[in-house]
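The task is simple: from the sequences and hints, build the whole structure.
Protein chains: 4
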Amino acid sequence: MQNQMTNLSLSDFAYHLPITTRWMDNDMYGHVNNVNYYSYFDTVINQFLIEKANFDPVTSEQIGFIVKSNCEYLRPVSYPEKLTGGFKVERIGNSSVDYIVGIFNNEERLSAIGQLRHVFVDRQSQKPMPIRGELLAALKSAM
Amino acid sequence: MQNQMTNLSLSDFAYHLPITTRWMDNDMYGHVNNVNYYSYFDTVINQFLIEKANFDPVTSEQIGFIVKSNCEYLRPVSYPEKLTGGFKVERIGNSSVDYIVGIFNNEERLSAIGQLRHVFVDRQSQKPMPIRGELLAALKSAM
Amino acid sequence: MQNQMTNLSLSDFAYHLPITTRWMDNDMYGHVNNVNYYSYFDTVINQFLIEKANFDPVTSEQIGFIVKSNCEYLRPVSYPEKLTGGFKVERIGNSSVDYIVGIFNNEERLSAIGQLRHVFVDRQSQKPMPIRGELLAALKSAM
Amino acid sequence: MQNQMTNLSLSDFAYHLPITTRWMDNDMYGHVNNVNYYSYFDTVINQFLIEKANFDPVTSEQIGFIVKSNCEYLRPVSYPEKLTGGFKVERIGNSSVDYIVGIFNNEERLSAIGQLRHVFVDRQSQKPMPIRGELLAALKSAM
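Protein chains in written order, with numbering that gives the first Met the number 0: chain A, 0 to 142; chain B, 0 to 142; chain C, 0 to 142; chain D, 0 to 142.
None of these hints come from the bench; they were simulated from the model.
It cannot be assumed that every hint is accurate.
No copy labels: a pair is met if it fits in one copy or bridges any two.
Stated by the list, open to error - With a cut-off of at most 25 Å between alpha-carbon atoms, the simulated SDA-like pairs for lysine to any residue come out as follows: (1) K51 x S77; (2) K81 x S95; (3) K81 x P129; (4) K126 x V57; (5) K87 x N32; (6) K139 x P75; (7) K126 x N104; (8) K126 x P17; (9) K87 x T5; (10) K139 x N105; (11) K67 x T83.
Only a predicted model underlies this, so the values are computations on that prediction, with no experimental measurement involved.
Here it is in structure tokens:
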């Protein structure tokens with residue numbers, strides 16, 4: 000991960016989503032457990048696709064599988080803090096796309112920053128297929 | 000559970016909380032899994048206590064343990080639907096309290112209704128202790 | 000819930016399943032959170048159906064939806080404790096079935112006891128359909 | 000991540016832990032959701048520390064915070080598949096340590112491979128402190 004990623008602010012992201020934490024998100028040490036950030040990432044990404052790319056998890060011909068992910072943790076947060084997810088597209092390949100998702104605390108300071116790669120496959124054959132149409136346009140708009 | 004509980008509307012509840020669903024909340028059948036409703040219940044209850052009863056999960060002398068819970072599932076919901084939790088107090092005992100929590104879908108129809116019992120204990124001794132002061136006042140206000 | 004349920008021992012259950020706890024199962028108070036027990040229940044029930052009733056979550060014609068559930072919490076447990084789930088069938092109706100699931104700690108003492116109702120529906124129409132064949136035989140064998 | 004990591008076999012890992020999947024681990028696409036692998040990683044790492052380094056999550060003076068993590072997903076798995084976690088230590092610094100965790104399917108083929116960094120801090124001050132004593136010895140034994 001490039002160092003400058005940890006300096007991103009919410010205004011660097013094309014799409015924002017409020018995230019409500021849950022009691023269970025906190026672990027024994029009283030902070031949101033490292034695992035749950037990936038659940039936030041997943042939710043922000045899919046929400047963008049649903050809202051902006053007309054994606055339907057149940058019926059769309061193309062679905063995205065996560066093939067790699069990483070996260071750097073900068074500042075702990077705890078339930079009941081209200082968070083904001085920032086989303087942008089880093090790279091669009093033929094059938095894969097790289098996302099950057101930042102999780103910001105209630106003072107808009109970066110709590111964690113993640114990168115994730117989706118490979119889009121045909122729902123039936125589960126073979127990779129080229130990103131195109133509405134999906135491609137939406138992803139481009141978020142770079 | 001009394002039958003009339005399944006007829007409750009959002010206006011029957013003393014406290015409301017928006018709940019954002021997560022991608023992972025859906026199970027293989029494409030609906031929010033039955034387990035996750037209890038996570039919503041937990042979150043609504045604690046949020047009420049934090050906002051209205053000055054409860055602090057890290058420092059408050061009294062903490063609440065769930066000793067029983069139940070849920071009736073009426074209408075499936077799915078991520079990315081936005082939900083609302085309705086909360087009210089059903090009964091206040093010496094050290095225990097019964098809550099009713101309704102989970103409403105984005106058309107304000109009841110998706111599931113739960114009952115949960117908290118026993119309040121001293122954080123150090125973990126022995127039950129009487130509900131009093133701000134906590135008692137807040138619980139009474141939500142009956 | 001009948002009082003005598005809280006006296007059940009592992010030998011009262013027709014089917015047993017080891018359950019490994021996870022770090023994240025513990026909440027801020029250092030115990031397995033009340034919500035996670037329902038995830039154990041879900042897993043024990045489906046495991047029974049898969050092993051004993053030839054159920055396949057992806058292809059079986061009939062799938063089970065949970066329509067109600069409850070739990071009584073008796074003794075807290077904490078990760079990394081190893082648990083055992085006990086499963087039995089309490090009642091078989093036309094298209095619904097009631098289960099009892101006990102969660103036992105590593106000394107075989109009951110930590111929590113739950114009751115859950117499955118309604119079996121046709122996967123396509125999602126309408127209730129009678130329990131029959133292998134499924135009925137397996138459920139009967141676990142009463 | 001180095002390419003050769005995706006070629007690791009279970010015998011390359013110093014410590015093994017069986018992992019039982021849960022019904023809820025599967026997402027709408029019928030596979031264990033990408034997020035849950037991080038919960039497996041967390042569990043394998045803490046289990047090693049508890050068993051081999053005499054770590055106690057409730058009382059130990061030093062506790063480990065995850066500061067970065069990544070995962071590469073190679074082969075989907077689904078509940079109710081039984082998995083095995085493989086754990087090894089990649090690098091020991093002054094107060095931080097890098098782990099490699101592999102998740103193997105029921106044919107001992109690698110499903111996903113992760114790297115995580117723990118920084119050990121003093122439980123009270125939450126300041127980094129040098130890794131030493133039993134903890135250091137256990138980590139060294141798993142390189």
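Against the structure, the hints:
1. Proximity of K51 and S77 under a CA criterion of 25 Å is satisfied inter-copy only: 18 Å between copies versus 30 Å inside one chain copy.
2. Neither within a single protomer nor between protomers do K81 and S95 lie at most 25 Å apart by alpha-carbon distance, with minima of 31 Å and 29 Å respectively.
3. For the identical chains of this complex, K81 and P129 are neighbours neither inside a copy (37 Å) nor across copies (31 Å), given an alpha-carbon limit of 25 Å.
4. For a Cα distance limit of 25 Å, the shortest separation of K126 from V57 qualifies both inside one copy, at 17 Å, and across copies, at 19 Å.
5. Taking CA atoms no more than 25 Å apart as the test, K87 paired with N32 passes in both settings, with 24 Å inside one copy and 22 Å between copies.
6. Proximity of K139 to P75 under the C-alpha cut-off of 25 Å is found in neither arrangement, the shortest distances being 32 Å within a copy and 29 Å between copies.
7. In this assembly of identical chains, the alpha carbons of K126 and N104 lie at most 25 Å apart only when taken from different copies (21 Å versus 38 Å within one copy).
8. For the homomeric pair K126 and P17, neither the shortest alpha-carbon distance inside one copy (33 Å) nor that between copies (31 Å) is at most 25 Å.
9. Within a single copy, K87 and T5 get their C-alpha atoms as close as 14 Å, which meets the 25 Å cut-off; across copies the closest is 28 Å, which misses it.
10. Within a single copy, K139 and N105 get their C-alpha atoms no closer than 29 Å, and across copies no closer than 30 Å, so neither meets the 25 Å cut-off.
11. For the homomeric pair K67 and T83, the shortest alpha-carbon distances inside one copy (23 Å) and between copies (20 Å) are both at most 25 Å.
Comparing the model with each earlier hint shows violations of hints 2, 3, 6, 8 and 10; every other hint is respected.
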